[in-house]
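Please put together the full structure from these sequences, using the hints given.
2 protein chains.
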Amino acid sequence: MSDPLGQVFGALADPSRRQVIGYLSARGTATATELTGELPMTRQAVAKHLATLADAGLVESERHGRETRFRLTEAGTEWDDRLDALRSHLTRHRR
Amino acid sequence: MSDPLGQVFGALADPSRRQVIGYLSARGTATATELTGELPMTRQAVAKHLATLADAGLVESERHGRETRFRLTEAGTEWDDRLDALRSHLTRHRR
DNA sequence: CAATAGCGCAACTCGGAGGTTGCACATGAG
DNA sequence: CTCATGTGCAACCTCCGAGTTGCGCTATTG
Chain A
105 MSDPLGQVFG ALADPSRRQV IGYLSARGTA TATELTGELP MTRQAVAKHL
155 ATLADAGLVE SERHGRETRF RLTEAGTEWD DRLDALRSHL TRHRR
Chain B
105 MSDPLGQVFG ALADPSRRQV IGYLSARGTA TATELTGELP MTRQAVAKHL
155 ATLADAGLVE SERHGRETRF RLTEAGTEWD DRLDALRSHL TRHRR
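Protein chains in written order, with the numbering used here: chain A, 105 to 199; chain B, 105 to 199.
I should point out that these hints are in silico values taken from the structure, not numbers from a laboratory.
Glycine included, each C-beta is placed from N, C-alpha and C at the ideal position.
Please note: incorrect hints may appear among the correct ones.
Said to hold, decoys possible - Output of the computed footprint for chain A on chain B, the stretches with three or more beta carbons under 8 Å from beta carbons of chain A:
{"hint": "1", "stretch": "106 to 112"}
{"hint": "2", "stretch": "115 to 129"}
{"hint": "3", "stretch": "185 to 192"}
As the list claims (entries may be wrong) - Ranges between beta-carbon positions, derived for each pair:
{"hint": "4", "chain 1": "B", "residue 1": "Ala155", "chain 2": "A", "residue 2": "Arg167", "range": "18 to 24 Å"}
{"hint": "5", "chain 1": "B", "residue 1": "Thr156", "chain 2": "A", "residue 2": "Asp188", "range": "21 to 27 Å"}
{"hint": "6", "chain 1": "A", "residue 1": "Glu182", "chain 2": "B", "residue 2": "Thr133", "range": "32 to 38 Å"}
Written out as structure tokens, the structure reads:
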């Protein structure tokens, strides 16, 4: 189906996926296997998360030999910034 | 669980819920029964959507006699604006 | 070439989300 | 008081999302 906004929000709704975005933002690039070391789940689960992020247009992949490296797209970088802004916005209005 | 960001994104991921936000933004206030006329689903389904929006802090309710009127919270209004911005941002970068 | 590291695909489980139906309860109108 | 209107609650169904395991294929490396 074609619901770009829904796909993006759906992708961002998952904490693990937001963490992946954070890691990619910090490291610039990573493989599914590398990210597995940072998350309490299997490589296949991480790969699925990366696939949904890719479907949402937040991440793109490029295969280099036998490894597939992922990095944030421009949209993904924008959302990483917005997430930071939203988080501080939340903690600021915290009661 | 306490994942405010996740709740908000999860709430915004559903098209029907974004429509509800749009209606509330346009009309200022509405009841679940009124909104049912605008959406292809039953009143109870609409009520559930309103409940999730309320859990996410985007909507608040006030019971007036036998009817319960809903309106956007401040956060809900902010998100309604952001949604407009994001939509035009999307159509602008459309290729 | 043999062995290993890295991925991708497929099948399975499990819980929660979206939606429906049915009913019970309160409240305003006549 | 009676009745229709507006809600809320609960049970149920179906489907998708998150995660796992298992296997097979590709590409490095020694």
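Worksheet item: Which numbered hints does this structure break?
Response: 4
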